[in-house]
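> Protein chains in written order, with the working numbering: chain A, 1027 to 1326; chain B, 1088 to 1420; chain C, 193 to 611.
Check before you lean on any hint, since a few could be wrong.
[To be verified] Example chain B residues on the side facing chain A (calculated, C-beta under 7 angstroms, incomplete):
| hint | residue |
| --- | --- |
| 1 | Met1210 |
| 2 | Gly1333 |
| 3 | Met1340 |
| 4 | Val1390 |
Bear in mind the hints are in silico, worked out from the structure with no lab data behind them. Even glycine gets a Cβ: it sits at the ideal position worked out from N, Cα and C.
Residues per chain are reported as follows:
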Amino acid sequence: MNLEVLAGCLASGACVVTQISSGLIVGMLLFLVASGLSLIFGVLGIVNFAHGAFYMAGAYFALLAYEQTASFTAALAFGALAAGVIGVAFERFIMSRVYGHDVLMQLLVCYAAILIFDDLVKILFGADYKLMGMPDAFATAPIQIAGGFVPSYYIFMLVMALAAGLGLWLGINKTRIGKIIRALAINPQMVGALGINTKLLYAGVFGLGCVLAGLAGALAAPVRSLTPGMGLSVLIESFIVTVIGGMGSIPGALVAALLIGLTRSFGAIGFPLFVDGLMFGLMALVLVVRPSGLLGAKAS
Amino acid sequence: MRRESLRDLFIAAVALAVLLVLPVLFPQPALRDFLVYVIAYGLLAMSLNLLVGLTGLVSFGHAAYFASGAYSFGLLMQSGHFSVPMAMLCALAGTALLALVIGAICVRLKEIYFSFITLAFQMFIHSIILTWVDVTGGDQGLRGGIPRPAFLGIDLSQAGTLYAFCAVVFIVCLLIMRQVWQSPFGYTLRMIRDNPARANFLGVNVLRMKLGIFVLAGTMASMAGILMALFVSGAYAEFAFWTMSGEAIFMIMLGGMQVFLGPVIGAFLLQTLNHYVTIYTEHHGLVLGLVILAIVLGLRRGVADYARDWLAARRTTREAAALEAKPAKKAVS
Amino acid sequence: MSENRGAIGRRMLLGGAAAGTAMLAMPHVAGAQAKVIRVGMPTTLSGRIAILGTSSRTAIRYAFSRINEAGGIGGRTLEVVDRDTKGRPDEAAKITRDLINNDGCEILIDAESSAGSFAVHEVVRDIPVLCLHTNSETSSLTADPKMLVKHAFRCARQGVHDAVAGGVYASAISKERGLKRWMTCSPDYAFGRDNTAEFLIFAKKFDPGIEVVDQIWPRLFAPDYTENITKILQVKPQAMYSALWGGDLVSFVEQANLYRLFGNLTFFSSSLGDPPVASAIKQLPQGIHTAYRYNRNYPAKPANVAFADDFTKLAKHEPTNWAWQNYVACEFIAEALRRTNGRTDPTALSNEISGMELKTAFAVDEAITMRASDHTIIGYPVPWGITIPAAPYVKDFVPVDWAQILEMEQEWKKDKGFA
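Looking at chain A on its own, in the form it has when it is part of the complex (with noise of 0.2 angstroms):
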């Protein structure tokens, strides 16, 4: 415990943009990870234990298209897209067979999921340590804010996931078809009876949590190594923020995600040993407080 130089961080300007600025960067790439899970279990109410894979894929899909084509953008493109299609074929040919099954169906189902895509990243990818590499552009000094550091490419990631959350909220809050996803998320049968195609509609809203967690893994690849089973500690932290926020509500997600980001970078001057204690304990305590999370539905 150091709270003397919390607070001498606290009273010094250049401290606190660099500290906020390094928790929104932990928290914004962990929120785009957390709503696509979040989305997956509101509207389709399961929870996708294998979404690591899918950051995963991101990684090493982006890593690829960069060494054959060495456009960034369309590393970042490619390996969101795919995660996404792997995403809906996961859920068109596996996942949808344990609908309305018990949870633990589909925790296993995920559980095989994530033991099969770790092997298959080893023996496509091989088992050595990997970066992506990011453009020259990119390779400056730091931006001083305030007195403040940070780095073009954070900058560049922060304003490409407040991107992907902005347009998140506004297509389901603001289109046609964003309504029709929450219909499908408190009615599905009403949602069918109208003709819409809800199968596709599932398949859909699945790929799309995955694009998330895709566009995630890649956004990490130039900063975050490449190995297989890296998506298991994502996972787990973005599940905490999930369950934090509230099943199902995106704003939650985000709003966990930046408390667990401003948490650790400021937890790590205040008092850094009790950090990973106090994530656990924190998700410990929402579930018994308030079992539905900061801004979740309430549970019936």
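Starting from the structure of chain A, add chains B and C where the hints point.
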């Protein structure tokens, strides 16, 4: 009821005899090792099924008690002040207390939220094991071996004796769980699983019942942990990792959750699968994953459950056929 | 109803058990002098540190193929039987027993990392076969006399040796440049903590002016280090030590690059000298101090370069630290077998390996010695160098005198109550 208990006792005795005779007929140490793993993991899966299959509480954090048993037993033995049975009793009691505290919080939550919070507690315990290096040895586990001093003339440092000991403990634990499975308590738990509102209406204290079975399941899991610690002569942080709970759930799903011995069958199948797949390929994740998919999507339930349903279906068709046959005869005469 | 369910379950269980028994009851037949000597290898081939197992295995297969092509040992050939423990110690224990009892392995190369190696160690305490630990660097595995197993040896670098070497090297630089304010950033698990503590003991011993102003402990396998990097920016130390390794180190360096962390900071790394780590980093900064893990140019011997070339052809990446350690283990085994005329009796082999001075390409001088007193190797490369952006990634290796390391190690052992 009494006749049933006698029958269970008789079957248990036969099973024990078979377990004890097997290594005599096939004296390869590998078989004994294999069976010890089936016993330890089988016991873990059986104890978890008291929650999952019997009560409908899907715990994602059951390995926490497996680890708690292994670590507390190992630490007590390494302190040198305890005999094996004494340390076992203390480890069981300690884990029961732990399960009581955690369970008191968890059983208030329903469905998927119960799963989440048990998982949260397990991850919490895992991170405690990792960080409390002075006591637990952190990620390197309890080192230097767990001493197994002889007691009552039983010397567990003999591989054969250790195996027999595991077999006896296993059968005794199964008998205890069988009693619970068949008892009025067990039927109350089924009612809670199938219709909690009705149970509540009938004056059942649902929370207390759930807490009771949670503690019992935790204690049984710690027994499995103790056997594993005895066998590998150590305890490791991986015991408390979520993959361990995941595997226990997989064993239940593989074997079946409605048949009493389903989880043991699942443990046996998974160990066999694991044993052979690991020998022939390093891509066991791929193979295991495909097998899981095949079972989940093909059978849609455990092997034992599937067999039971199949037998039941066959019986009904036969009875139906017999019923149809009778009037046909009459018509002829 | 329910008793019927139970009865089915039991019958199925017993039937299944019998079938399984029949399958398991066919152990590999190992004659007294079978032509092939099987060497068991429990290791981790999946998950985040799969490269530990795959690179170790490539090195062993390569070593064995060379030995066998040269005529084997008195007509007997060597064969490795590898199994994935999935990084689980209980699985490592089971697999090790199976390798010995069921697969007829007469010798073991334990290529597990720390926790798993302790599990394997306990197994060979029970079942005597010759065992060489090739990847565990945790000092206590061999330094603690309580852990001693007569026929188990470590053929890998040892934490305390690296700590002394690092202390000697780093303190010379810190004295020269007046680096007083130090910080550490190491993974939060037993090895990371021990390694960092040992490094600091020796660095402070040689330069008492060193003051550790802060220590941070990111989680092992954490994906992101931004919060730790910005913390370092706040503390502004003059020098840093880090025991991060593998993929974690790759992420850390690349993320620290974005903040230009290495500009005004003298950085000491325990593992950046591992070629696959250094080559994965896109912008490896110039001038980071790193301990030797492996390098094709050090020790500067043609046989070493040949090893690097051949290994790279097989594995599609440069050798890891684990690769040379496993290769040397194979050399120890082959030499011991030659001396026993192919007998695999653990006592006979242990007697040969104990104290053996092995002439190898990886020795600093002529030979790497398996010290008889505590069954661990000495005389392997422990220099420090500085990084350069392109292959071979590390240059200017400064050797550290083994006599000094051994002296300090002895003192450390006394402090720990090991000697």
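> Would you mind marking each hint as holding or not holding in the structure?
The hints, checked one at a time:
1. The interface hint given for B/Met1210 holds, since its Cβ lies 5 angstroms from the closest Cβ of chain A, which is under the 7 angstroms cut-off.
2. About 6 angstroms separates the beta-carbon of B/Gly1333 from the nearest beta-carbon of chain A, less than 7 angstroms, and the hint is met.
3. Interface restraint check for B/Met1340: the shortest CB-CB distance to chain A comes to about 5 angstroms, inside 7 angstroms, so the restraint holds.
4. With its C-beta approaching chain A no nearer than about 14 angstroms, B/Val1390 sits outside the 7 angstroms limit, and its interface hint is violated.
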